[in-house]
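Q: So you can see what is in the structure, the chains are spelled out below.
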Amino acid sequence: MLAISIGPEVIATIAGFPITNTMLVAGVLFFVILAIIGITLRNIDPDKPATGIAGLMEVFVEYFLDFVESITNDRDKALKFFPIVATIFFVVLLSNLVELWPGMGTIGVWGMHHGELVLIPFIRSVSADLNFTFVVALFAMISVQVMGMQYLGFTGYWSKFFVAPWHKPFVIGTFVGLLELISEFSKVLSFSFRLFGNIFAGEVLLLVIGFLAPFLAPLPFLFLELFVGFVQALVFATLTIVFLNMATISHGDHDEEHEPRADYSKATFGGKPGGVVPANGHK
Amino acid sequence: MSEMLTKLGINWEGFIAQLINFTVLFLILRFFAWKPISAALEHRRQKIAKGIEDAKRADDQLESIERERKETMTEARKEAAQIIEEAKQKASGLKDEKMRLAKEEIEKQVSEAKEMIVGEREAAYSALKQDLADLITKATGKIVTDLNDEAHKKLIDQAVKDLETA
Chain A
20 MLAISIGPEV IATIAGFPIT NTMLVAGVLF FVILAIIGIT LRNIDPDKPA TGIAGLMEVF
80 VEYFLDFVES ITNDRDKALK FFPIVATIFF VVLLSNLVEL WPGMGTIGVW GMHHGELVLI
140 PFIRSVSADL NFTFVVALFA MISVQVMGMQ YLGFTGYWSK FFVAPWHKPF VIGTFVGLLE
200 LISEFSKVLS FSFRLFGNIF AGEVLLLVIG FLAPFLAPLP FLFLELFVGF VQALVFATLT
260 IVFLNMATIS HGDHDEEHEP RADYSKATFG GKPGGVVPAN GHK
Chain B
18 MSEMLTKLGI NWEGFIAQLI NFTVLFLILR FFAWKPISAA LEHRRQKIAK GIEDAKRADD
78 QLESIERERK ETMTEARKEA AQIIEEAKQK ASGLKDEKMR LAKEEIEKQV SEAKEMIVGE
138 REAAYSALKQ DLADLITKAT GKIVTDLNDE AHKKLIDQAV KDLETA
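Residue numbers (our numbering), protein chains in the order written: chain A, 20 to 302; chain B, 18 to 183.
Looking at chain A on its own, in the form it has when it is part of the complex (with noise of 0.2 Å):
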């Protein structure tokens, strides 16, 4: 019978130390990584046409990075926040995609598990583990109060979290301040739960379809979860690229109310960067 476990399930336990199949997946991703790092920059050379993998790694740069600044309106901001964004999205692509590795939830080895004998599989996503998720929100979170805090300066960017009651919109002013503390807070747990129930979703739903109908059929299943690792990838990056953008704006002079708001529907991925425009005059 089919074992789902919402968390990964421990295989092998060193010294105490219980190794789970996604910490196992996540090393085996890591010298993926390091694979691809070293074929790459054995490769690259600035002059001659890129090919190979070293290509492949130079277009995404190219596209993320005009990606990236077609958010931030701004090349050096762009240039900032590129190692954080770039290195998120390519991580969390490429565990991802693991769900779509043959042998994903099949290959495993018999244990108990909660009094019951199931099959604890080798292979699972990386990011069907919270917490991996988890780890890369509190990542892109510190990274956006870090990031705000170099370009605002400490009380900079804290004044707009903390803002005294008897200032211009009085109790209404902290009590808003407050509540983008917490909602600081939320985007962690939105972050981490967004991508790890969508990849886990993912997860079942391959497994259940392979286990009903193990031929042709989750064919369609498995394009739709390539789409929906790299969309998830895609909006991971691109709401850590917004959160950094909007920590690095000042709100301007205080005696106005209304928010800085940019209008992100313009935002492109690999075209021509300078899509985003404030709406209400702010920069």
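No lab work stands behind these hints: they were computed from the structure. Do not rely on the hints blindly, as some may be mistaken.
To be verified - Residues on chain A that point at chain B, a partial pick, calculated with CB under 7 Å:
#1 25
#2 106
#3 154
Stated by the list, open to error - Listed below are the simulated SDA-like cross-link pairs for lysine to any residue, each with C-alpha atoms no more than 25 Å apart in a straight line:
#4 B:67 - A:82
#5 B:24 - A:73
#6 B:64 - A:73
#7 A:96 - B:66
Stated by the list, open to error - From chain B, some residues computed to sit far from chain A (all C-beta separations above 12 Å):
#8 54
#9 64
#10 119
#11 138
#12 147
#13 176
Quick caveat: nothing in here was measured; it's all calculated off a predicted structure. C-beta: ideal position from N, C-alpha, C; glycine also.
Since chain A is already given, all that's left is putting chain B on it; use the hints.
A: Only chain B this time, still in chain A's reference frame:
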């Protein structure tokens, strides 16, 4: 709370492992992937820009050279035509002059020759006349001995004169 976390699969071992994994990956990617790749891209971008600029400059240069060459060619052609024209004019002038001179020379020579011929004829004629007169004198003297020289001469001269007028 902790039971809920356990049910969701969150545990500190997994968290620490993923945290270390992701942090190391971030540092590696940041310094060994994004940095060199974007540096290479920037390098290539500048190189391409420079290449395009160089090509443009070379194009401009080529164009100006071509224009200069054309200008020089037209000028040279014009000059050559002018020189040829001048040469032709000069040649025709020279020819006319030469012709004129030659004609003059010929005319002069012809007239000289004519004069000479006339003179010669005259001389020959007078000599002939003299000779003839002498001859006639001698002949008639032989025939008519009795006629004295004076009268004889007079007669002959008269005859010659008649001959001339005849």
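Q: Hint by hint, note whether the structure agrees.
A: Status of each hint after checking the structure:
no. : hint        : result
1   : 25          : holds (5 Å)
2   : 106         : holds (5 Å)
3   : 154         : holds (5 Å)
4   : B:67 - A:82 : holds (22 Å)
5   : B:24 - A:73 : violated (42 Å)
6   : B:64 - A:73 : holds (18 Å)
7   : A:96 - B:66 : holds (23 Å)
8   : 54          : violated (5 Å)
9   : 64          : violated (6 Å)
10  : 119         : holds (81 Å)
11  : 138         : holds (108 Å)
12  : 147         : holds (120 Å)
13  : 176         : holds (130 Å)
Hints 5, 8 and 9 from the earlier list are contradicted by this structure; the remaining hints agree with it.
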